[in-house]
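S.K.: Generate coordinates for the entire structure from the input sequences, incorporating the hints supplied.
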Amino acid sequence: MSVRHALLALLSEGPKYGLQLREEFEARTGEVWPLNVGQVYTTLQRLERDGLVESDGAGDDGPQKGFRITAGGEQELAAWLRTPPDLASPPRDELVMKVLVAMRVPGTDVHEVIQVHRRYLVELMQQWTRIKEDEGEFDLGLALVVDAELFRLDAVIRWLDAADGRLKRAAADPPRPVPVALPRLRRRVGVRR
Amino acid sequence: MAVLELRGVSKTYGTGATEVHALRGVDLSVNAGTMVAVMGPSGSGKSTLLTIAGSLEDPTSGEVLVGGAALAEMSRNAKARLRRRAVGYVFQDFNLLPGLTAAENVALPLELDGVAAKTARAAGLAALDGLGLGERASRFPDELSGGERQRVAIARAVVGDRRLLLADEPSGALDSVNAEDVMRLLHDACKRGVAAVVVTHDAQLASWADRVVFLRDGRVVDQTSPPAGPESLLTAPGQSQ
Numbered sequence: 023m024s025v026r027h028a029l030l031a032l033l034s035e036g037p038k039y040g041l042q043l044r045e046e047f048e049a050r051t052g053e054v055w056p057l058n059v060g061q062v063y064t065t066l067q068r069l070e071r072d073g074l075v076e077s078d079g080a081g082d083d084g085p086q087k088g089f090r091i092t093a094g095g096e097q098e099l100a101a102w103l104r105t106p107p108d109l110a111s112p113p114r115d116e117l118v119m120k121v122l123v124a125m126r127v128p129g130t131d132v133h134e135v136i137q138v139h140r141r142y143l144v145e146l147m148q149q150w151t152r153i154k155e156d157e158g159e160f161d162l163g164l165a166l167v168v169d170a171e172l173f174r175l176d177a178v179i180r181w182l183d184a185a186d187g188r189l190k191r192a193a194a195d196p197p198r199p200v201p202v203a204l205p206r207l208r209r210r211v212g213v214r215r
Numbered sequence: 149m150a151v152l153e154l155r156g157v158s159k160t161y162g163t164g165a166t167e168v169h170a171l172r173g174v175d176l177s178v179n180a181g182t183m184v185a186v187m188g189p190s191g192s193g194k195s196t197l198l199t200i201a202g203s204l205e206d207p208t209s210g211e212v213l214v215g216g217a218a219l220a221e222m223s224r225n226a227k228a229r230l231r232r233r234a235v236g237y238v239f240q241d242f243n244l245l246p247g248l249t250a251a252e253n254v255a256l257p258l259e260l261d262g263v264a265a266k267t268a269r270a271a272g273l274a275a276l277d278g279l280g281l282g283e284r285a286s287r288f289p290d291e292l293s294g295g296e297r298q299r300v301a302i303a304r305a306v307v308g309d310r311r312l313l314l315a316d317e318p319s320g321a322l323d324s325v326n327a328e329d330v331m332r333l334l335h336d337a338c339k340r341g342v343a344a345v346v347v348t349h350d351a352q353l354a355s356w357a358d359r360v361v362f363l364r365d366g367r368v369v370d371q372t373s374p375p376a377g378p379e380s381l382l383t384a385p386g387q388s389q
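Residue numbers (the numbering used here), protein chains in the order written: chain A, 23 to 215; chain B, 149 to 389.
Far from chain A by the CB rule (all over 10 Å, computed), these chain B residues:
(1) Glu153
(2) Gly162
(3) Thr166
(4) Asp175
(5) Thr182
(6) Met222
(7) Arg229
(8) Ser286
(9) Arg287
(10) Asp309
(11) Gly320
Among the chain A residues that face chain B by a calculated CB cut under 7 Å, a handful are:
(12) Gln137
(13) Arg141
(14) Val144
(15) Glu145
(16) Met147
(17) Gln148
(18) Thr151
(19) Asp176
(20) Ile179
Just so you know, the hints here were simulated from the structure itself, not pulled from any lab data.
Every residue gets a Cβ at the ideal spot worked out from N, C-alpha and C, and that includes glycine.
M.R.: In structure tokens form, the structure reads like this:
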């Protein structure tokens, strides 16, 4: 999460004080991302240095010092909102590795390994859903943050379900010969036989 | 108190080479005020478990108790009465009768149970009101949106004095916001003391439950522990960035 751009977004609504920025940041993100005052002021100083915000003056650095966004800051914010974040998958997803390894370890039931992870993920989702149930109806920001977590965890569970089904089918079907064109692609996605 | 109890329930279809074991020795207990979700892949026995719990089918072996009474010891009439009075069903495809209005659909189980039409209609309207559908009561199912139709189906499932709600993929093909509404309604019913069993392969629906039971090849293979408080998420490492 870019604190820098979050502060620019809050200032795009109008001039604000440092302390006010911190309180509004936490409220808008469903209080899931705590932020300390020092972080707010360091970020504001850098934004001012880069000409993206302006302050009331050089003298007073206390909580009453006001900040406003500049035209450059508005451009920066608009560009950031439309720049896709890096969603490339990590080179080695730990859970994927565990399932691939479980297939090879003698005496290990890969379905049992999958279930351990599935249960853990469902338990995490239950906790997030409790939060949404209690407060999500009244706090739109929180509901969106919780939804994002739930969809992310749900996607991992779906992968586990797919892996479970695929392994079950593979155990029932005889292995088929591997087409020759595959090894290079296989190396690219990091799967070794 | 357990509203629903399955003890060593097995169900086998066919014989010999075509024999299929849909359920194998399933134990499950659902208390009043509790929602249990049953998760599992297609063919794991989820729907069979629900039809047996709702006395729509008999187990091959084992016992089913609803409100402490063993289904096997009940006459057919007694079971039918139990289904009408104590058990509510929510299906994936809503199953509303197209020729009846929303209010008539909701009142139907009460009328079938011998409640006077006027009383039944009033109870139906109250149930629709409770789900925010009072103004749509005189609409026919094809005049309602998918989300509204499913809310009518839930109103029909909770109308009267139902103690047990059985739901099979209750959000059907609804989008996630409408699906959440459905789960909220089922959850609210549980808070009022109803016991619910929700069968689903969708983890987002299952996460509304107090307990999630995992079914595989007709067996309960695992279940979730009682959930920790949500505070644990907010202080967990890695959540602060």
